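J.: Please put together the full structure from these sequences, using the hints given.
Protein chains in written order, with the working numbering: chain A, 7 to 822; chain B, 5 to 218.
Rather than coming from a laboratory, the hints here were simulated on the basis of the structure. The model shown is predicted, which means the values in this text are computed figures rather than measured ones. Here a beta-carbon is modelled for each residue, glycine too, at the ideal position from N, C-alpha and C. Please note that the accuracy of each hint is not assured.
A few chain A residues that face chain B, going by a derived Cβ cut-off under 10 Å, partial list only [unchecked claim]:
{"no.": "1", "residue": "Ile-115"}
{"no.": "2", "residue": "Ala-117"}
{"no.": "3", "residue": "His-235"}
{"no.": "4", "residue": "Gln-454"}
{"no.": "5", "residue": "Ile-477"}
{"no.": "6", "residue": "His-486"}
{"no.": "7", "residue": "Glu-745"}
{"no.": "8", "residue": "Leu-750"}
{"no.": "9", "residue": "Ser-809"}
Which chain A residues face chain B? A few, computed with CB under 7 Å, are given here [stated by the list, open to error]:
{"no.": "10", "residue": "Met-440"}
{"no.": "11", "residue": "Ser-441"}
{"no.": "12", "residue": "Pro-442"}
{"no.": "13", "residue": "Trp-445"}
{"no.": "14", "residue": "Trp-447"}
{"no.": "15", "residue": "Lys-467"}
{"no.": "16", "residue": "Gln-651"}
{"no.": "17", "residue": "Ser-654"}
{"no.": "18", "residue": "Met-715"}
{"no.": "19", "residue": "Ser-733"}
{"no.": "20", "residue": "Val-740"}
{"no.": "21", "residue": "Gln-816"}
{"no.": "22", "residue": "Glu-820"}
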Amino acid sequence: MYDYDQIIASWYATRNWKQYDFQQELAAAYQQGYNGILNAPTGSGKTFAMWLPIIADHMAKGNHQATSGLKVIWITPLRALAKDIRNALQEACDLFDMGWRVEIRTGDISAKDKQAQKKQMPDVLIITPESLHVLLCQIGYETIFENLSCVVVDEWHELLGSKRGVQVELAISRLRGIREDQKKQLRIWGISATIGNLVEAMEVLLGVDAPEHTSIIIRSEQKKQIDIHTVLPEHIDVLPWAGHIGLKLLPNIIDIIHRSTTTLVFTNTRAMAEIWYHALLENDERLAGVMAMHHGSLSGEVRDWVEENLHNGALKAVICTSSLDLGVDFRPVDTVIQIGSPKGVARFTQRAGRSGHQPGAVSTIYFIPTHALELVEISAIRAAMEENVIEKRDPMVMSFDVLIQYMVTLSISGGFKSNELYREVKSTYAYHLMSPEEWQWLLQHITQGGQTLQAYDEFNKVGRVGDVYRIMHKKAATRHRLSIGTIVSDTVVAIKLMNGGKLGSIEEYFIASLKPGDVFWFAGHCLEFLMLREMTAFVKITKEQKAITASYMGGRMPLSSYMADMMRKQLGQAAESNLHNFEYTHLQPLLDLQRDRSAIPAYDTILVETAESKEGLHIFIYPFEGRVVHEVLAGLIAFRISKKQELSISVAMNDYGFELLCNHPVEINESVIRELFEIKGLDDDVFQSVNATEMARRKFRDISVISGMVFQGYPGEQKRARDLQSSAQLIFDVLRKYEPSNLLIKQAYDEILNDQMENARLRTALLRISKSKILIKHTDRFSPFAFPIVVDDLSRNKLTSESLASRIQQMLRENK
Amino acid sequence: MPIAVSIKGNSFRLSPDFALYWQDLQWLIIADAHFSKETHFRKHGIAIPAAILQEDLRRVDVLIRTYSPQRVVFLGDMFHSENNPGIDAFAKWRNGNNMPIDLVIGNHDILDRSRYADLNIDIHEDKIIANNIVLAHDDLSDIPEGHYLLHGHIHPCIRLAGKAKQSMRLPCFWFGKEKGVLPSFGTFTGGHAITPNKTDQVFAIADAQIVRIN
Numbered sequence: 007m008y009d010y011d012q013i014i015a016s017w018y019a020t021r022n023w024k025q026y027d028f029q030q031e032l033a034a035a036y037q038q039g040y041n042g043i044l045n046a047p048t049g050s051g052k053t054f055a056m057w058l059p060i061i062a063d064h065m066a067k068g069n070h071q072a073t074s075g076l077k078v079i080w081i082t083p084l085r086a087l088a089k090d091i092r093n094a095l096q097e098a099c100d101l102f103d104m105g106w107r108v109e110i111r112t113g114d115i116s117a118k119d120k121q122a123q124k125k126q127m128p129d130v131l132i133i134t135p136e137s138l139h140v141l142l143c144q145i146g147y148e149t150i151f152e153n154l155s156c157v158v159v160d161e162w163h164e165l166l167g168s169k170r171g172v173q174v175e176l177a178i179s180r181l182r183g184i185r186e187d188q189k190k191q192l193r194i195w196g197i198s199a200t201i202g203n204l205v206e207a208m209e210v211l212l213g214v215d216a217p218e219h220t221s222i223i224i225r226s227e228q229k230k231q232i233d234i235h236t237v238l239p240e241h242i243d244v245l246p247w248a249g250h251i252g253l254k255l256l257p258n259i260i261d262i263i264h265r266s267t268t269t270l271v272f273t274n275t276r277a278m279a280e281i282w283y284h285a286l287l288e289n290d291e292r293l294a295g296v297m298a299m300h301h302g303s304l305s306g307e308v309r310d311w312v313e314e315n316l317h318n319g320a321l322k323a324v325i326c327t328s329s330l331d332l333g334v335d336f337r338p339v340d341t342v343i344q345i346g347s348p349k350g351v352a353r354f355t356q357r358a359g360r361s362g363h364q365p366g367a368v369s370t371i372y373f374i375p376t377h378a379l380e381l382v383e384i385s386a387i388r389a390a391m392e393e394n395v396i397e398k399r400d401p402m403v404m405s406f407d408v409l410i411q412y413m414v415t416l417s418i419s420g421g422f423k424s425n426e427l428y429r430e431v432k433s434t435y436a437y438h439l440m441s442p443e444e445w446q447w448l449l450q451h452i453t454q455g456g457q458t459l460q461a462y463d464e465f466n467k468v469g470r471v472g473d474v475y476r477i478m479h480k481k482a483a484t485r486h487r488l489s490i491g492t493i494v495s496d497t498v499v500a501i502k503l504m505n506g507g508k509l510g511s512i513e514e515y516f517i518a519s520l521k522p523g524d525v526f527w528f529a530g531h532c533l534e535f536l537m538l539r540e541m542t543a544f545v546k547i548t549k550e551q552k553a554i555t556a557s558y559m560g561g562r563m564p565l566s567s568y569m570a571d572m573m574r575k576q577l578g579q580a581a582e583s584n585l586h587n588f589e590y591t592h593l594q595p596l597l598d599l600q601r602d603r604s605a606i607p608a609y610d611t612i613l614v615e616t617a618e619s620k621e622g623l624h625i626f627i628y629p630f631e632g633r634v635v636h637e638v639l640a641g642l643i644a645f646r647i648s649k650k651q652e653l654s655i656s657v658a659m660n661d662y663g664f665e666l667l668c669n670h671p672v673e674i675n676e677s678v679i680r681e682l683f684e685i686k687g688l689d690d691d692v693f694q695s696v697n698a699t700e701m702a703r704r705k706f707r708d709i710s711v712i713s714g715m716v717f718q719g720y721p722g723e724q725k726r727a728r729d730l731q732s733s734a735q736l737i738f739d740v741l742r743k744y745e746p747s748n749l750l751i752k753q754a755y756d757e758i759l760n761d762q763m764e765n766a767r768l769r770t771a772l773l774r775i776s777k778s779k780i781l782i783k784h785t786d787r788f789s790p791f792a793f794p795i796v797v798d799d800l801s802r803n804k805l806t807s808e809s810l811a812s813r814i815q816q817m818l819r820e821n822k
Numbered sequence: 005m006p007i008a009v010s011i012k013g014n015s016f017r018l019s020p021d022f023a024l025y026w027q028d029l030q031w032l033i034i035a036d037a038h039f040s041k042e043t044h045f046r047k048h049g050i051a052i053p054a055a056i057l058q059e060d061l062r063r064v065d066v067l068i069r070t071y072s073p074q075r076v077v078f079l080g081d082m083f084h085s086e087n088n089p090g091i092d093a094f095a096k097w098r099n100g101n102n103m104p105i106d107l108v109i110g111n112h113d114i115l116d117r118s119r120y121a122d123l124n125i126d127i128h129e130d131k132i133i134a135n136n137i138v139l140a141h142d143d144l145s146d147i148p149e150g151h152y153l154l155h156g157h158i159h160p161c162i163r164l165a166g167k168a169k170q171s172m173r174l175p176c177f178w179f180g181k182e183k184g185v186l187p188s189f190g191t192f193t194g195g196h197a198i199t200p201n202k203t204d205q206v207f208a209i210a211d212a213q214i215v216r217i218n
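T.: Given below as structure tokens:
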């Protein structure tokens with residue numbers, strides 16, 4: 007027999023590491039059967055803190071070799087993390103000669119390995135939420151989990167707040183159900199970085215039935231020291247008023263890279279990573295061969311190669327996106343550069359923490375502003391970090407699309423009984439408020455395809471045999487297996503060289519915009535597009551330098567509410583000329599210009615600007631609430647204006663404010679503004695605004711895929727099954743007309759009003775505005791605040807109260 | 005009010021319910037109905053509302069009552085897919101009327117020829133020629149001299165833009181010099197944006213009205 011504490015202590019002793027308090031606390035809690043959350047930053051020894059108690063518990067009970075099969079599941083959000091975790095866990099097992107096998111199960115592993123695992127499961131599986139659900143889709147899956155003693159969810163803060171988090175909740179409820187059937191315990195632990203709502207994060211992970219006296223949060227008290235440096239050009243005029251590139255500061259960046267051992271350069275989008283990679287190479291040949299790029303579109307082999315060479319110190323710099331935000335410890339990295347605003351304190355801290363990874367080391371991050379007002383954002387981040395505030399991650403609830411997918415999954419792997427599954431699902435945080443009626447609707451949806459059962463109907467999916475719900479349609483089962491998951495991406499095509507090498511994949515709509523002979527940047531190469539065959543774009547590397555940068559989706563992160571408030575405070579101080587820090591000294595000329603053309607709003611003031619152009623009347627309102635809130639707010643205000651007079655409005659917004667562009671004059675004064683921002687009638691008005699329907703229609707895109715309404719085709723052969731493909735938009739319109747009570751349509755609206763838009767945040771914003779002073783300025787030329795909104799044309803929403811016929815007549819007249 | 009169009013000496017009326025009425029011959033012309041497309045989806049486990057078919061058939065009834073045509077000509081893609089219960093529902097509807105129906109075969113019309121006979125539908129493999137008008141599903145390249153082609157298949161939509169960055173997309177009839185295209189009739193069908201020439205005539209359907217665009 008082994009002694010639990012001794013095993014753990016001996017491991018730290020062999021490593022010559024000190025066992026920190028939080029590691030001891032966690033060991034004690036685990037032994038006593040607690041579930042909970044380990045809150046520790048990366049680089050604090052959290053993996054071993056979590057892992058050692060689990061193996062020590064098995065060894066101390068002497069059952070680590072007694073039972074074969076799966077004992078521990080380690081859920082990770084990123085496939086890229088799996089290998090490192092596997093090695094770490096396996097190493098500890100080998101040290102104690104436990105005879106345990108730790109294996110990976112993600113979309114990346116081969117069919118052969120999957121088969122081998124099916125025959126004999128390893129003792130430990132590192133798995134993604136999606137792959138776990140694929141396991142739940144296998145007939146007889148229950149026996150796999152019979153001896154499971156613990157589920158660890160790594161990087162829980164990343165999963166929480168997304169539908170992948172909901173997937174984790176559902177999987178845990180099922181695994182717990184399997185163990186409970188055998189009257190055995192299953193321990194659940196999450197590992198999370200610091201977020202503003204850790205207690206809630208634990209409730210979500212453990213479910214609503216988890217007894218409080220066996221739940222605990224263990225906090226590592228280690229605080230990482232972060233050095234922030236803002237890089238500025240010599241003259242602020244060099245920084246543009248709007249934009250997102252920031253290449254002006256290229257020489258400074260080259261300098262930083264050479265002063266450091268290894269640097270990670272974070273950009274907010276993949277397209278930006280390509281631009282920067284290319285610009286750096288072109289301006290400093292010393293970087294050739296020692297600089298690489300890492301983002302989600304690149305092929306797995308490329309990313310593996312980059313990660314390996316980061317580990318062994320062969321790379322001087324890597325240009326990356328959020329694909330390297332998480333987890334893995336690259337020891338040589340001592341410097342991080344962030345290009346453009348990170349939009350949130352948590353993300354900034356996390357990225358900074360990618361440098362100086364060792365316990366006790368200092369993290370160094372350089373911030374590269376891409377336009378002038380981002381200096382206010384970085385200054386706000388600084389202030390937030392000093393005050394030690396960090397964002398919350400709000401969990402998603404009532405995601406019926408994920409639940410439908412899960413129900414069909416279980417119907418394929420042997421079926422489920424309604425009352426049993428209902429009980430389990432109700433124990434999750436995500437669905438604890440679900441009503442029996444909603445559950446019935448879901449059952450009806452998967453068995454009858456909706457509420458009306460027509461005589462001639464042949465809806466075919468899930469059927470009821472006795473009291474078990476089972477899949478009835480073999481092809482539907484195949485399609486379902488291929489569609490498990492909640493990450494909905496655009497259709498992608500593979501990028502291949504003519505001689506066969508695969509470089510990665512890219513969104514179809516981008517390729518569709520290319521003509522043969524066009525040249526674009528991808529994976530750091532200048533590529534000439536040759537042809538598209540099935541779902542593969544063939545290219546060749548070219549010397550031609552005039553390239554289009556692939557403009558792939560992704561990465562428009564909204565400002566978090568903490569940061570938004572911080573920004574308002576900072577601007578308020580600036581308005582009183584009361585702010586003195588590095589960033590503001592440099593921002594002064596721009597702020598003077600803003601003051602000159604319009605004004606800088608005090609903390610308790612909302613600034614409204616109006617301007618006229620040949621496009622019509624521009625009304626700018628600056629609540630500084632972040633893009634997400636502005637989108638709803640702008641729709642609401644536009645709707646309220648359109649109720650009072652017939653006109654058409656197009657709406658644009660950024661993190662600072664929004665613009666209402668009206669085709670007819672609108673009277674603007676303080677009482678009008680106050681009326682427009684009234685809280686009374688908020689819900690009705692938001693719901694009625696065409697804007698909400700537009701946004702819901704966009705939300706429905708993901709919902710339709712996750713719930714199986716839209717099938718994205720078979721991998722590699724998207725051409726097939728064309729007869730079953732239709733656009734999410736069309737389905738949305740049809741459902742809205744014929745089945746307005748459809749829960750998936752309702753979910754699309756709820757996701758805007760509650761989850762995404764945070765109804766509460768909207769109310770808070772309106773309340774704050776109603777108490778604020780209103781300052782209205784008419785401007786002859788767009789102010790520095792207005793300019794970025796005007797030029798950012800990406801997502802304009804439209805709203806109108808004019809009749810369709812009169813709008814058409816107007817458009818025809820205007821186009822004459 | 006339907007709008008009248010004259011093509012090579014023939015008079016047509018444009019119906020805001022996505023159909024064309026040929027006054028000289030008293031034919032009602034419908035393109036891309038895609039009947040029972042939703043049934044096909046449902047059969048494969050995708051829950052598109054089943055009520056769409058009944059609604060689309062009701063719309064045909066209304067058109068027949070409005071124009072009292074001699075016959076109804078479908079310009080292809082009448083049914084979306086293979087035999088399915090939606091076709092049975094159509095058959096039931098068909099039993100209730102004795103309107104002559106013609107179908108010019110489109111790429112989606114893959115039912116057994118005998119099935120069309122059961123449904124009392126006259127099949128035309130690639131076109132119908134009457135007076136100097138050619139009716140087809142596809143955009144045919146070889147039209148007899150002096151003839152005009154009316155076809156379907158592309159589900160035309162027109163995009164309009166205006167002040168304050170307004171824009172919209174509307175289904176439309178699109179008449180060129182030698183050929184014209186009908187909008188798709190089916191509720192559960194998408195649209196394809198077109199770029200008309202200056203001399204083309206385009207009529208959009210907006211709020212159950214026909215609006216001349218071009």
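J.: For every hint, state whether the structure bears it out.
T.: Status of each hint after checking the structure:
1. Ile-115: violated (29 Å)
2. Ala-117: At about 25 Å, which exceeds the 10 Å cut-off, the nearest Cβ of chain B leaves the hint on Ala-117(A) violated.
3. His-235: violated (40 Å)
4. Gln-454: Holds - the Cβ of Gln-454(A) comes within 10 Å of chain B, reaching about 8 Å at its closest.
5. Ile-477: Nearest chain B Cβ about 9 Å off; hint holds.
6. His-486: This interface hint holds because 8 Å falls under the 10 Å limit.
7. Glu-745: With a closest approach of 5 Å, the Glu-745(A) hint holds.
8. Leu-750: holds (9 Å)
9. Ser-809: holds (7 Å)
10. Met-440: Met-440(A) check fails; min Cβ-Cβ to chain B is 19 Å, beyond 7 Å.
11. Ser-441: At 20 Å from the nearest chain B Cβ, Ser-441(A) fails the 7 Å test, so the hint is violated.
12. Pro-442: Check failed: Cβ of Pro-442(A) comes no nearer than 21 Å to chain B, outside 7 Å.
13. Trp-445: violated (16 Å)
14. Trp-447: Where the cut-off is 7 Å and the nearest Cβ of chain B is about 11 Å from Trp-447(A), the hint is violated.
15. Lys-467: For Lys-467(A), the interface hint holds, since the closest Cβ of chain B sits about 3 Å away, which is under 7 Å.
16. Gln-651: violated (14 Å)
17. Ser-654: Result: holds, 5 Å to nearest chain B Cβ.
18. Met-715: holds (6 Å)
19. Ser-733: It holds, given that the least Cβ distance between Ser-733(A) and chain B is near 6 Å, below 7 Å.
20. Val-740: Holds: closest Cβ of chain B sits about 6 Å from Val-740(A), inside 7 Å.
21. Gln-816: At about 6 Å, which falls below the 7 Å cut-off, the nearest Cβ of chain B leaves the hint on Gln-816(A) intact, so it holds.
22. Glu-820: holds (5 Å)
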